[in-house]
Structures are given as structure tokens and as C-alpha cells.
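Participant: The letter at position 121 of the sequence shown is residue 125 when you use this note's numbering, and the numbering goes up by one with no holes.
Be a bit skeptical, because a hint or two may be false.
No more than 30 Å apart at the CA atoms, straight line, and that leaves these computed lysine-lysine pairs for DSS-like [claimed, not checked]:
1) Lys98 / Lys110
2) Lys102 / Lys117
3) Lys91 / Lys102
4) Lys40 / Lys29
5) Lys102 / Lys64
6) Lys29 / Lys91
7) Lys110 / Lys40
8) Lys18 / Lys40
9) Lys29 / Lys64
10) Lys64 / Lys98
Bear in mind the hints are in silico, worked out from the structure with no lab data behind them.
None of the values given here were measured: they were computed from a predicted structure.
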Amino acid sequence: MSVMIRLTRGGTKKRPFYQIVAADKRSPRDGRFLEKLGTYNPMVERDHADRVTLNEERIKHWLSVGALPTDRVARMLGHAGIIEAPKYRETPNKSAPKAKAQERLKAAQEAEKAAAEAPAETPAEAPAETDAEATPAEA
Numbered sequence: 005m006s007v008m009i010r011l012t013r014g015g016t017k018k019r020p021f022y023q024i025v026a027a028d029k030r031s032p033r034d035g036r037f038l039e040k041l042g043t044y045n046p047m048v049e050r051d052h053a054d055r056v057t058l059n060e061e062r063i064k065h066w067l068s069v070g071a072l073p074t075d076r077v078a079r080m081l082g083h084a085g086i087i088e089a090p091k092y093r094e095t096p097n098k099s100a101p102k103a104k105a106q107e108r109l110k111a112a113q114e115a116e117k118a119a120a121e122a123p124a125e126t127p128a129e130a131p132a133e134t135d136a137e138a139t140p141a142e143a
């Protein structure tokens, strides 16, 4: 039997409250569990004491007998110092710009760099127009 340390959802509609439980991997999310290990309330502030409560002794017991935490629970346990904090996943390559967009960006950066390196030349001054030249003379 594989045991997972995971969240089960409770609370009302649009007001979630989660219990951290040890459960068989095959049981439903809100179904049967072996033991309640803590709670998680996402509705309170991040630094509030009641946001995450953990029974560290029992969590360590379940980890010692081979229970695996889910990603979210592993982050909570890492933040509490029970296990080593997991590394965050990197942004997938799929979200990077495509090849043509990267080429355009590189060309724009090179053009900007060349413009910055070139000596600053002032364009020849055009003769200033006067108001008399701009408006036709009345006869």
C-alpha cells in the first residue's frame, strides 16, 4: 500500500479549508484517510499562525515508513523545516519566444548597440520657417 501525505478539501463553496492527511494513494481526494496530520487555511494571511498547522511527530513517522508528500505539501513541510525544501520547477521552454521572434529581438538589440557606439552626429539644421512664409500674403 502506497501512502501519500496530501490535502483533502473541506469548507464551503468559495471558502476552502484543507486537512493534511496520510491516505492510501488509490483513495479519492476527499475520501478515506489513515490519519489527520494538520490543517491548511488559505483564506488567512501568509504570516498568520493558523494558516498551516502541522503535527510534526506524526508527519516524521509517516515519512520514516515511506509516505510521500505531494508537491504542495512538500513545500509546506520544507517551509516548516521538517524536510528539505523542494526546488521550484523552471519555466518550461514552451513559453519562450519562437525562433523568428528571437532573431528579431537579437537584431533590434544589435542595432541599438551599434547606434549607441556610433559617434553622435547632429543633422544639418534646416532653415527656420517664418510665419510670413507659412501663410500666403494677402493681395
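Participant: Would you mind marking each hint as holding or not holding in the structure?
Facilitator: Outcome of the hint check:
A threshold of 30 Å between alpha carbons decides the hint, and for lysine 98 with lysine 110 the separation of about 19 Å falls inside it, so the pair holds. A C-alpha spacing of about 23 Å is found between lysine 102 and lysine 117, which places the hinted pair at or below 30 Å, so the restraint holds. Proposed proximity of lysine 91 and lysine 102 is supported: the alpha carbons are some 27 Å apart, at most 30 Å. For the suggested pair lysine 40 and lysine 29, the alpha carbons sit about 15 Å apart, so the restraint of at most 30 Å is met.
For a cut-off of 30 Å, the pair hint linking lysine 102 to lysine 64 is broken: about 46 Å separates their Cα positions. Of the pairs offered as hints, the one joining lysine 29 and lysine 91 holds, with about 23 Å between alpha carbons and a cut-off of 30 Å not exceeded. As the CA atoms of lysine 110 and lysine 40 are separated by approximately 55 Å, the hinted pair breaks the 30 Å bound. Proximity of lysine 18 to lysine 40 is assessed by CA-CA distance (about 23 Å); at most 30 Å being required, the pair is judged to hold.
Between lysine 29 and lysine 64 the CA atoms are separated by roughly 18 Å; this keeps the pair inside 30 Å, and the hint holds. With a CA separation close to 38 Å, the supplied pair lysine 64 and lysine 98 exceeds the 30 Å bound.
Consistency note: the structure conflicts with the earlier hints numbered 5, 7 and 10.
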